[in-house]
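Chains as they are written, first to last, in the numbering used here: chain A, 3 to 118; chain B, 3 to 111.
Among the clues, some could well be false.
To be verified - Sample of chain A residues at the chain B side, in silico, Cβ under 8 Å:
{"#": "1", "residue": "Asn20"}
{"#": "2", "residue": "Phe23"}
{"#": "3", "residue": "Gln43"}
{"#": "4", "residue": "Phe47"}
{"#": "5", "residue": "Gln52"}
{"#": "6", "residue": "Ala55"}
{"#": "7", "residue": "Leu62"}
{"#": "8", "residue": "Phe67"}
{"#": "9", "residue": "Glu70"}
{"#": "10", "residue": "Pro72"}
{"#": "11", "residue": "Gly87"}
{"#": "12", "residue": "Ala90"}
{"#": "13", "residue": "Ala95"}
{"#": "14", "residue": "Phe109"}
{"#": "15", "residue": "Gly112"}
To be verified - Not close to chain B: a few residues of chain A, all C-beta gaps over 12 Å, as computed:
{"#": "16", "residue": "Gln8"}
{"#": "17", "residue": "Ile14"}
{"#": "18", "residue": "Gln39"}
{"#": "19", "residue": "Arg83"}
{"#": "20", "residue": "Arg114"}
Quick caveat, the hints were computed from the structure, so don't treat them as lab data. No residue lacks a Cβ here, since even glycine has one placed at the ideal position from N, Cα and C.
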Amino acid sequence: DTGVSQDPRHKITKRGQNVTFRCDPISEHNRLYWYRQTLGQGPEFLTYFQNEAQLEKSRLLSDRFSAERPKGSFSTLEIQRTEQGDSAMYLCASSTLPTGINTEAFFGQGTRLTVV
Amino acid sequence: LAKTTQPISMDSYEGQEVNITCSHNNIATNDYITWYQQFPSQGPRFIIQGYKTKVTNEVASLFIPADRKSSTLSLPRVSLSDTAVYYCLVGDPLTPLVFGKGTRLSVIA
C-alpha cells in the first residue's frame, strides 16, 4: 500500500475558474477527511466521509465547495468560482473506523492551490 | 471540543531531550490526547496517542498527569531531522481531528 495519494500536487488557476482535486485513500479505510491549511496555521477541517456517506461539513465551508466519495473509495473535492482566499494546501486523510486508542489518521502530501 | 494551548515555538540543540507541554483544561472523559508531526509541504504524521499516565513508542513518550489537564510530549535526543511543527490534539476518537497552530520546533546543530 502506498499510502494516501492526492492529485494533482500543485494547481494554479485563475480566479473564477473551477478546480477539482482527487484523493485516493488507503485501501479499506472507511473514513476519509478533507482539510485545508494556510501558511502558519494548522490544518482546518472541511468535511469527512464514512464509506460513501458525507457525515459532517464544517460550518466555515462555503457552498462553492463540494465533496463526493462515490462507492466509498476515492474522493473528489471541487471548488467552484475560485477566489484568491481559496489559495491553500488541501490535505486528505484516511483512517479505519475509530475504535479508541491509536486510531491513526494517515495524511496525503496535499494539493497546493494557487489562485491568481 | 477541548481547546489546547501549546508554545508557538521552541529551539533545541541536537542531542538534547525536548519536552513540549500542552494545556487542555476542559478535556472531556471520552477525549484522547494525540500528537502529530508535520514537515514543510507534507501532511501531518501521527506520533503518539494516550489517555492517561505514560505512553512510550519508538519515537516519543507522552506523559499525562492524573487530572489530564495537560500533557507533555518528550522527544529523546533530537536531531536536525526532528525540526517540524508538533500538534497537540484532544478529542473523542469518533470525531474528526481538530488542529491548533502547533509548536514549531527548531533543532540547531
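When the structure is checked against the list of hints, which entries are broken? Sort them ascending.
Hints 1, 2, 5, 6, 7, 8, 9, 10, 11, 12, 16, 18, 20 contradicted; others consistent.
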